[in-house]
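Asker: For the protein sequence lines, the chains are E and H, in the order given. So in the working numbering the end of the first sequence lands on 191, straight run, no missing numbers. So in the working numbering the end of the second sequence lands on 191, straight run, no missing numbers.
Take these hints with a grain of salt, some might be off.
A pair holds if it fits inside one copy or across any two, identical chains being indistinguishable in the list.
[To be verified] The calculated DSS-like cross-link candidates involving lysine-lysine, where the alpha carbons are at most 25 Å apart (straight line), are:
(1) 118 with 58
(2) 138 with 70
(3) 96 with 58
(4) 183 with 135
(5) 70 with 172
(6) 167 with 155
(7) 188 with 99
(8) 58 with 172
(9) 50 with 167
(10) 167 with 138
(11) 155 with 70
(12) 188 with 167
(13) 183 with 155
(14) 118 with 49
(15) 118 with 135
(16) 70 with 50
(17) 96 with 50
(18) 155 with 188
(19) 62 with 188
Derived from the structure by calculation, the hints contain no laboratory data.
Given next are the chains, with one letter for each unit.
Protein chains: 2
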Amino acid sequence: MNYPNGIRKEKTNSSISKTHRNRGMNLEADINDTNEYYLYTDVAVIHKKPTPITINKVDYKSRRDAVIKEAHFIVPSTTDYNGIYRGKYIDFEAKETKSLTSFPLNNIHKHQIEHLKKIYNHGGIGFIIVRFSKLNKTYLLFIEDLIFFLENNKRASIPISYFDEKGYIIKEGLNPRLDFLKIVDKKGVV
Amino acid sequence: MNYPNGIRKEKTNSSISKTHRNRGMNLEADINDTNEYYLYTDVAVIHKKPTPITINKVDYKSRRDAVIKEAHFIVPSTTDYNGIYRGKYIDFEAKETKSLTSFPLNNIHKHQIEHLKKIYNHGGIGFIIVRFSKLNKTYLLFIEDLIFFLENNKRASIPISYFDEKGYIIKEGLNPRLDFLKIVDKKGVV
């Protein structure tokens, strides 16, 4: 939990050009592609938020060529993705795990879960997308089902059986790569 | 337009602790305070997005102490603020101008306006908040009225008279500092 999420994310960000060559290798790239597809086809407007950092030192060589010389990753207070779908606010976090059996909860910050709870209470659509990369399975779990698990378990991870029971498999396709809004439609929340 | 917005923003970010001592001096600090108030009182969940950057060099001294050694500001593809209010998606950009007569349109990137248009078309609430700092006046202008202006004018700035005619004054208060949701209520869009 202490390890700032941003670090892993940034590594991923910087490898976006690579992942475009290896589509399907990386959950974040798949979601970004999907969001681009939704944007292009005017289905939804969903964007990834920039990685939160604090900037300590900026070198202003010229107005156009400012270079950040020292900055630090900070713990995100919200999720990575949000936007609008059919007039409704939509908000989610996406994570990959190499585990074959369960999703370790320390992958998600407590205040990210708190944030998703608030979204749910305010009438928005909130969920997490979890990919079990070694199993090649990607699930969507709505926040209400995540909360139910957390309130009824002391476990540090969510077993894959819970995703099978309460979550939804997001099938991989060509375009969009991961049609997660289909699950939102299925659930009938919009 | 070429000057990346982020630079000015970052300067502001790093001075948040200072602005907390000088409340009302700075639009961004006022909006952040207001959003904190909305969050705390459970009225709405609205956050400022982090400043978008690309990271080139990270020094991983240790897992917990990663330091970004080289990064650049990039042009934002969306607005700074978004969130949920009464179940609806809300999205806006905030800008200050020292002008006494008009708001220069090069303060807002074209794709930020395009983004706000999309939000409007998808049934969300979109607007800009503009502070004429030397006049001590802060206006809210809904995206539909901004679009109307852009479609009917070739001007490079919006005269303050247009804000008086189509916009809404946001009165400054103690808590919340800038109750912009009151204007949203007034308009009756939620």
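Asker: Run the structure past the numbered hints and jot down the numbers of the failing ones, going up.
Answerer: Hints 1, 2, 5, 7, 8, 9, 11, 13, 15, 18, 19 contradicted; others consistent.
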